[in-house]
Amino acid sequence: MAATAVEARFRIDAKPQTPRNTSVVALDEGAMAVVRELAGQEWNAARFLGCADGADGPDGAAGAGDYADLQLCTVDGEPVRLSEELAEADFVMMIATEGRGAAAAATIGDACTLRGIMTAGLIVGTNGESGAALTALRPNARVLLVTGDEQDATELLAGVGA
Amino acid sequence: MLKQDVNELLTRTGPGTDMGDLFRRYWIPALLAEELPEDGCPPVRVKLLSERMVAIRDSEGRYGLIDEFCAHRGASLWFGSNEVGGLRCAYHGWKYDVTGACLDVPSEPENSNFFRKVKLTAYPLVKIGDVLWTYMGDPAYKPPLPEFEWCMVPPDQTYTSKRWQESNWLQALEGGIDSSHVSWLHSAGLKNDPLFKGSKGNEYNLNDMRPFFEVVDADGGLFVGVRRNAEEGRYYWRITPWVMPAFTLVPPRGDHPVHGHFWVPIDDENCWVFTFDYLPARALTAAELQAMKDGHGVHNEYVPGTYRPLANKDNDYLMDRAAQKRGETFSGVKGIAIQDASLQESMGPIVDRSKERLVSADSGIIKARRKLLTSAVALRENGTVPPGVDPAHHRVRSASIVLPKERSFLEAAHDAVSVIPGVPQTSV
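For the record, the sequence lines run as chains B and F.
Terminal number for the first sequence in my numbering: 166, no gaps in between.
Terminal number for the second sequence in my numbering: 708, no gaps in between.
Don't read these hints as lab results, they were simulated from the structure.
Note that the structure is a prediction, hence the values are computed from the model and not measured.
Think of the CB as a built atom: it goes at the ideal place given N, C-alpha and C, for glycine as much as any other residue.
Among the hints, erroneous ones may be present.
Claimed, not checked - Derived DEER-like restraints, expressed as beta-carbon distance ranges:
(1) F:A672 / B:N48: 35 to 45 Å
(2) B:P23 / F:S460: 20 to 30 Å
(3) B:E46 / F:P317: 50 to 60 Å
I would like the entire structure built from these sequences, with the hints used as guidance.
Here is the structure:
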């Protein structure tokens with residue numbers, strides 16, 4: 005029987021091979037600190053970004069397919085456009101600690117929806133600001149995790165094999 | 281996915297293990313009250329957290345859980361005779377009371393005090409509702425008794441069953457936290473089961489197969505909110521509480537009774553699934569009660585005289601491919617309880633989580649694992665009392681509710697997910 009301990013040993017021993025191409029985007033300054041911490045850890049295929057200075061919303065430049073684009077930057081400050089970043093991504097996690105990044109969240113959410121890319125939002129903090137972050141992210145992330153523990157970001161990324 | 285050492289920590293609950301120590305800080309269901317039906321009834325063998333015991337109800341109605349094996353030469357006390365004041369071993373007549381204290385060693389002289397030096401390990405056993413609860417930890421840390429609403433309502437408002445599941449406790453609990461499987465595995469049950477069908481919420485469930493998830497910390501564990509589209513400008517939310525270590529409530533449907541589960545490790549490869557239905561504000565009808573006893577809803581049919589499900593791994597869960605093809609079941613297995621059990625058992629006695637490929641919809645499971653892990657470590661290193669021990673954490677409800685899109689589910693449903701005695705459940 006498949007469910008016995010003896011039979012369980014015969015399961016094919018193949019670990020997941022193809023990692024998720026994961027983009028982690030900080031929507032505000034507080035979230036950027038979390039993202040920098042994450043970027044310092046070891047991952048399979050995750051990239052860590054923030055919104056470029058002043059770019060808390062779409063910059064009006066059209067991406068392919070006539071949706072708005074967004075200027076992002078890596079943790080080292082290198083510029084990268086959202087449309088370029090999403091070309092290879094299959095999972096995007098947005099991190100917020102307050103509600104200021106609502107416009108950016110909407111642009112990212114729309115772009116991912118059009119491309120069929122899964123989105124998740126992590127709201128870090130349990131103060132009043134996190135309520136605004138939740139309101140900003142809710143329409144734009146298929147999964148939301150509200151937590152007072154930054155370590156949950158690591159756990160979530162590790163759990164999905166980022 | 282989890283590394284092997286973390287998987288070991290989360291799944292092993294025997295004596296001296298971290299997760300075992302965590303479980304031993306809580307009152308946990310041990311047996312159904314029906315298993316010790318009267319004063320002086322025969323003892324019942326019980327294995328919990330990899331410890332073998334017998335449960336006793338003595339001649340005075342006192343309950344106890346004591347080591348199964350006589351201190352003399354290790355014979356099972358299950359064969360024992362339940363006499364006035366205690367259980368007498370069938371082998372050489374040593375007698376014990378419900379606290380495990382030896383009362384008599386017949387082979388010693390009449391005025392011998394030797395018996396006073398003999399004591400078996402024993403745990404308290406307390407009846408609350410339909411369940412006998414035990415606490416297997418250090419007596420110095422024994423918490424107040426549990427206050428789950430399902431146990432506190434009048435007897436005619438609640439029904440509890442239990443079944444033996446042949447898998448580790450954690451993969452069973454994870455099925456309770458993960459509601460995304462309902463739209464698939466239990467889809468036919470939403471239409472056909474007498475304890476599920478007919479609610480407006482089912483329509484929302486079946487019309488939106490890609491729900492959105494929100495996972496929020498709670499004092500005793502987590503709240504997992506799952507939203508689907510309702511009418512214009514509104515979401516249908518189903519809110520599941522998880523109270524540590526292993527209790528969940530399923531969001532209600534219509535006026536049907538509210539159900540949930542408490543998973544209790546028997547050993548590392550088996551668990552009990554205590555399953556209940558209850559209503560906060562009215563009695564169960566005769567029809568509802570009969571449906572539960574007939575194995576509908578989240579209950580099941582049994583191999584006669586046992587708590588083993590009739591459909592089990594030895595008969596391939598009475599797989600019916602024709603019914604699967606006709607759309608009467610999604611997996612070919614009948615009944616919501618066994619649909620869960622079959623797939624969870626198929627993962628192997630302890631699933632190898634290093635081979636997982638989780639998705640973000642598994643956030644609730646990921647977060648729950650983390651809370652269990654951090655709580656077990658904090659207990660080991662600092663003696664920190666884990667969430668869910670405090671009875672205040674037990675006074676939660678599940679809810680299903682339609683809300684305007686802009687509302688935060690937990691704020692808007694605060695009263696709905698709190699126990700207010702006598703107030704009906706919030707349901708759609």
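Hint check, failures only: none
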